[in-house]
Amino acid sequence: MTPSLWRVAAWPLVIKVPVLVAGLMVTVAFTISQVVLWKFVQAQEHNLKLVTGAYLDGLSAAILPAIVQGDVWGVFDALDRGRSRYADVKPVFTIVELPDRRVLASSDPLDYPAVPEDRRSRFAADDSLTIDSSSDVRRGWLARTLCLEPFPAGRPAAAEARSSPCLDKLPVARLYTEIDITDLLRVRREILLTLVLVNGCLTLAFALGGYFVLKRMLQPFAVLTRYVEQIREAGRVEPIPAGYRGRVAGEFGQLFERFNAMAVAVDERQTLAAQLADREKTAMLGRLASGIAHEVNNPLAGMLNAIDTIQAHGKDPAVLDASLEFLKRGLAGIRDVVEATLITYKDGFDTKHLTPGYLDDLRILARPKITARRLRLDLHDHIVEPLAIAGSAVRQIALNLLLNACAASPIGGLVTVITSWCDGTLRITVADQGPGLPEEMAALLHRAAPAMARGQENKGLGLWMTGHLIRRLGGHVDVEYPAVGTRMIVTLPAQPKETLDAAA
Amino acid sequence: MLRGLVGLAGVSAIPANGETGFSFGLTPVVLDNTEGLLEALQYYLTQQLERPVALVKRRSQRETLEMLLSGQLGAAWICDLPYVQNQDSLTVLAVPMYRGRPSCRTYVIVNEKNDAKTFDQLRGTQHAFCDPDSTSGYLVTRWLLCLRNESPGGFFRNFFFTYGHRNTIRAVATGLADSGTVEGYVWDLMKEREPDLIARTRIVYRSEPLGFPPIVAATRAQQSGAVETLAAALHGMTSDLAGREILAMLALDGFAPMSPGLYESSAEKWRVVMGQSRTRP
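In order, the protein sequences belong to chains F and C. The numbering used here numbers the first residue of the first sequence as 65 and each following residue consecutively. The numbering used here numbers the first residue of the second sequence as 22 and each following residue consecutively.
Check each hint, because a few of them may be wrong.
To be verified - Restraint-style ranges between C-beta atoms, simulated for each label pair:
| hint | chain 1 | residue 1 | chain 2 | residue 2 | range |
| --- | --- | --- | --- | --- | --- |
| 1 | F | Pro163 | C | Gly175 | 34 to 44 Å |
| 2 | C | Glu60 | F | Asp244 | 35 to 45 Å |
| 3 | C | Gly175 | F | Glu109 | 44 to 54 Å |
| 4 | F | Ala178 | C | Asn170 | 28 to 38 Å |
| 5 | F | Asp121 | C | Thr259 | 30 to 40 Å |
What the hints assert, rightly or not - In silico DMTMM-like links for lysine to aspartate or glutamate, alpha-carbon gap of 25 Å or less:
| hint | chain 1 | residue 1 | chain 2 | residue 2 |
| --- | --- | --- | --- | --- |
| 6 | C | Lys134 | F | Asp144 |
| 7 | C | Lys212 | F | Asp172 |
| 8 | F | Lys561 | F | Glu544 |
| 9 | C | Lys78 | F | Asp144 |
| 10 | C | Lys134 | C | Glu215 |
Simulated from the structure, these hints should not be mistaken for laboratory data. Note that this is a predicted model, so its numbers are computed, not measured. All residues carry an ideal CB built from backbone N, CA and C; glycine is no exception.
With the hints as constraints, model all of the structure from the sequences given.
Structure, rendered in structure tokens:
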């Protein structure tokens with residue numbers, strides 16, 4: 065189970081398609097989220113540049129006169145008031161530095177009396193906004209160089225003034241500000257979270273919707289599978305009811321019709337097979353009757369001769385004894401034939417149990433074949449307690465296989481039958497020294513219907529019947545080919561009779 | 022508020038019936054940011070003078086003084102130093118009574134994180150003055166430095182003017198200045214109204230009681246009806262409901278005529294400072 069879980073190809077379609085849809089949704093959602101977030105970040109930073117630029121420009125205009133006058137309080141007061149007037153800007157500090165690097169005023173003189181040296185490099189030389197969005201910083205930096213108007217004509221500008229950002233103006237101070245952008249990043253996180261949540265919910269909804277829709281769409285497959293399974297498990301072929309036909313799409317309707325046509329064909333075939341089996345049974349009865357007649361006829365002829373001999377020469381004690389002995393043997397032979405017939409037909413498949421020694425009858429039942437071919441039968445019955453399984457069916461299975469082995473064995477060969485039971489499993493092993501059971505014949509053991517080739521209707525019918533009986537009992541048969549001959553192993557489920565009785 | 026803003030916007034107010042209005046000058050000697058104070062004061066004076074009164078506020082004492090001397094203001098509430106400097110031209114109409122006396126002290130304060138415990142330990146600090154024409158916001162510290170034969174530029178690392186006692190306190194509390202010179206009355210009042218700000222400052226020097234900043238008028242206009250009415254209105258503030266509300270906002274007991282020699286101590290300090298200025302190159 066676990067390996068197939070990781071084998072995507074083995075997943076059911078009803079899972080595979082929704083997962084595919086979810087995967088596509090995730091890919092699309094991720095891409096769109098990235099694009100949206102990227103555009104949002106661009107817009108946010110652009111907006112921040114505008115807002116912080118406006119903040120510094122406004123401050124610059126407010127503090128420039130105070131800077132020119134060296135009015136520390138005026139500059140501080142403007143910085144302090146500016147902090148609360150620009151709601152969209154959260155300055156950490158704003159510092160006015162004179163060209164000689166003396167600080168004229170700071171918005172937070174205690175914590176930031178001057179521009180911290182480690183931040184100075186953060187301020188861009190071109191007065192543009194720089195941002196560090198990393199989680200441990202979350203700050204933006206912006207500076208402005210404050211300049212006075214151009215010098216009057218004829219008055220030379222200082223060299224440093226010409227090289228400053230003010231070009232031809234006189235730089236009087238530089239305004240540094242560090243902006244707290246935590247709120248901006250929080251908005252970004254909220255948007256990202258919203259995107260993830262919305263896309264996640266949509267993906268989940270599409271996946272679930274796809275699952276249920278597909279499950280409904282594939283329902284005809286389940287119906288078809290159920291009817292096919294019936295054939296496999298019970299050998300029962302039933303057409304799909306017409307009511308289903310109207311409830312499914314066109315292509316499934318056609319599939320149902322084809323299945324029903326096949327079901328009808330298989331049903332006809334099974335009927336034919338049953339008829340064949342009946343005919344075989346009748347033929348077997350005929351053969352049995354002729355066999356019995358043959359087996360009885362021969363001793364009868366001898367016995368009649370013996371009676372004639374007694375009538376003619378009955379006064380001779382030696383002839384009388386010999387004739388009586390012959391009569392006795394003849395009668396014993398007839399008794400054996402009667403016994404075998406009785407054993408075979410005295411009870412049907414109604415026998416619910418297999419008792420120890422039940423299979424000993426196999427010796428008697430197979431004796432004619434064994435004797436005729438001068439075979440040696442090695443029968444080991446290891447069943448020591450009654451089993452809850454149809455005994456007559458088991459004996460029929462074993463007898464069929466034994467007779468088959470006898471037929472396949474060479475003259476004087478050895479046929480072995482071993483029966484055993486262990487852990488709820490009855491095992492019957494039948495081995496011969498024949499040339500090996502052809503594979504097409506062995507396949508008959510597993511077929512649902514007997515071979516139907518023209519002119520071979522009766523060939524292998526016994527094997528097919530054996531396989532049929534084994535399947536009826538819920539078992540299976542394995543055919544092995546050792547160095548010599550064939551070995552067939554029948555495995556049948558069987559519980560001890562006492563266990564079932566106790567459970568009952 | 023609108024009335025107050027209108028009153029503050031103009032130097033003079035012309036009434037609809039053609040009667041001349043009255044302009045009253047204010048300087049940062051009082052906490053004019055107290056909510057409703059300016060409106061109440063303007064309303065009270067208008068009622069008492071029976072003519073439109075405009076409250077005129079300028080950033081520095083000097084600007085207000087110049088307007089007063091040039092006749093643009095009918096009267097003004099100024100610091101005592103400009104009065105001491107211009108006693109010939111100005112007449113005191115009324116002196117505020119604070120905690121039962123017409124005087125208040127000057128405080129030299131430091132930021133709470135500053136280690137200085139005495140005035141002398143302020144050497145090398147950045148100092149905030151209120152106004153160069155203010156006794157409690159400049160003259161007292163300047164006088165202390167004179168006694169030590171020092172000047173602000175030599176004693177302090179740097180100094181600047183805030184043009185407001187509240188501004189000076191803010192400058193010291195925020196750390197813009199390490200120390201500052203403020204009027205004790207304003208500091209005491211802010212201790213009740215803005216305790217968080219005051220908690221970040223500490224007093225290292227208290228002066229002796231000095232004359233409270235007076236309400237003055239140009240001497241040549243003293244006899245005018247409006248000025249006399251103004252003086253009477255100020256003196257009678259305690260007997261009027263609106264007047265008492267204004268006094269409550271100002272945390273003052275009332276207004277009284279000037280007692281002789283009230284500003285002598287301030288005048289003496291100014292003379293000392295002027296003396297040093299003459300002897301220094």
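Hint-by-hint comparison with the structure:
1. Pro163(F) to Gly175(C): 34 to 44 Å: At 25 Å between Cβs, range violated.
2. Glu60(C) to Asp244(F): 35 to 45 Å: Distance hint for Glu60(C), Asp244(F) holds at roughly 38 Å.
3. Gly175(C) to Glu109(F): 44 to 54 Å: At roughly 50 Å between Cβ atoms, Glu109(F) and Gly175(C) fall inside 44 to 54 Å, so the hint holds.
4. Ala178(F) to Asn170(C): 28 to 38 Å: At 33 Å between Cβs, range holds.
5. Asp121(F) to Thr259(C): 30 to 40 Å: Given a distance of about 51 Å, which is not inside 30 to 40 Å, the answer is violated.
6. Lys134(C) to Asp144(F): The given pair, whose Cα atoms are some 20 Å apart, holds under the 25 Å limit.
7. Lys212(C) to Asp172(F): holds, 22 Å
8. Lys561(F) to Glu544(F): violated, 31 Å
9. Lys78(C) to Asp144(F): holds, 22 Å
10. Lys134(C) to Glu215(C): holds, 19 Å
Consistency with the previously given hints fails for numbers 1, 5 and 8, ordered from lowest to highest.
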